[in-house]
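A.B. asks: All chains should be built: construct the whole structure from the sequences, respecting the hints.
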Amino acid sequence: MNAMNNNTTTRTTFLFVTLAVLAAPAAATPQLTGVSFDPPFISAGDRVNISANLKTYDNVEKTWDEDMELKAVLKPENRLARKYVTVEDSRDDSIGFLYPDGVFNQRYQVKIDGDAPTGRYDFELHIQYLEDGEPVEIARGDGEYDLTVIEEFSMPVDREGVDLNAETVATEPTVLRPGDDTAELRFSLANTGNKPVEEAEVVPETPENISVAFSGGEEFFVADLPESQAATRTLVLDLDEGLDPGRHEVMLDARYEDESGNQYNQELRLPVRVEGRPDLKASDTSASVPAGASTDLEVDVENTGSQDAETVTARVIAERTQPLSLSDRSSYIGELESGETGTAVLGISADRAAAQKTHQVKIQLRATGDSEEGDSSVYTSTETVSLEVDGKTTNPLLYVGLGVAALGIAAIVYRSRSGGGDAE
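Just so you know, the numbering used here puts 608 at position 47 of the sequence shown, and the rest follows in order with no gaps.
I should point out that these hints are in silico values taken from the structure, not numbers from a laboratory.
Note that the structure is predicted; figures quoted are calculated from it, not measured.
Among the hints, a few may not be true.
Here are the computed distance ranges between Cβ atoms for each label pair [as the list claims (entries may be wrong)]: (1) Gly935 x Ser776: 29 to 35 Å; (2) Thr679 x Ala774: 52 to 58 Å; (3) Glu828 x Lys918: 56 to 62 Å; (4) Ser772 x Thr679: 36 to 42 Å; (5) Gly694 x Met812: 51 to 57 Å; (6) Thr679 x Asp742: 32 to 38 Å; (7) Thr872 x Thr919: 29 to 35 Å; (8) Glu802 x Glu898: 53 to 59 Å; (9) Ser855 x Met812: 56 to 62 Å.
Derived lysine to aspartate or glutamate pairs resembling EDC-like cross-links, with alpha carbons at most 20 Å apart [to be verified]: (10) Lys672 x Glu728; (11) Lys918 x Asp857; (12) Lys636 x Asp693; (13) Lys672 x Glu630; (14) Lys918 x Glu896; (15) Lys842 x Glu859; (16) Lys923 x Glu898; (17) Lys923 x Glu859.
All residues carry an ideal CB built from backbone N, CA and C; glycine is no exception.
C.D. replies: Quick look at the structure:
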């Protein structure tokens, strides 16, 4: 590795002091002559070894004190370095005396945060000579003296570190609609960074009216994900009927490591597109019929969904315990556009022994989706309407009996009169 990195710039900044020159002997002026990095191409999340070459140049007075020790402290200088870099190891306590024209290689280790952006990270090298733990002045060639020499250099972070990206690959059914149960959402988890990803754990978080169908879908694991590779997983969801059509998002909480053991936490988003559907509702129709009579039960059916409903029918669900008979079990309405209302007419009879009260009649509504929207699904719902049994019709057998009795009486009277006439 070259002693001088082309991407490194150095310059010397002197901190001047106005104090009089102390009697302590002056040391030769140290300077930074080159910096190199390992690895040479740095990504976010890396641990970087910095090698700094220090050299002293002779000064005019040639006065040296071998008891002095050189201290060189590495400090982040610009915003990027201060925010995203941690100096982990610095041999800055003592490196001994550096003779004029001598060269010393000082090494440091820094940690770049995993979310660090690409850019130029600036550092300062604060160089001092110490005697008995206290800083002493450093002589310069022009006769001036300084307590600290500051050398500056830059470290380029060329590449982003680890990074995961999630996207929806396919769904089953292809078009998701409110009310779909066990809908499959197939998604990919791609490593778009510059390092392998290990031990990835992904936990989905669903929005309102969308839930994970099975407990096994509450967590996903990916052991290894090399650079530029992707893994696919399937998330099974239940979509409530009350889910609004449109774009929704499933959040993925991803936790993972890189090959250096650095840990990361990233929030990913999976878009979920939900199309509209018809939704049939029956009005709370109230009708009345005397026990023993028949009536037409008229039910208003409204399409409250966001798409048209085709081949709409209403069908009475007869229950054995109810004293009702059906003459028209179902009624065909046809097509109902979104927001439109149609009427189903169902013939129904109340048994003569039916209790005088309000009976709840179940109506099953059925429709197919809007074919122009590519929706061939069948949608059903069960509604309840009221039928009041009020009053009671007269039994027709009573009239028949009365008629037979009247005929019998008439026959007896006739016979009696006919017999009386013969006796005279």
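A.B. asks: Of the numbered hints stated previously, which ones are contradicted by the structure, given in increasing order?
C.D. replies: Going through the list in order, the structure violates hints 2, 6, 8, 10, 12, 13, 14, 16 and respects the others.
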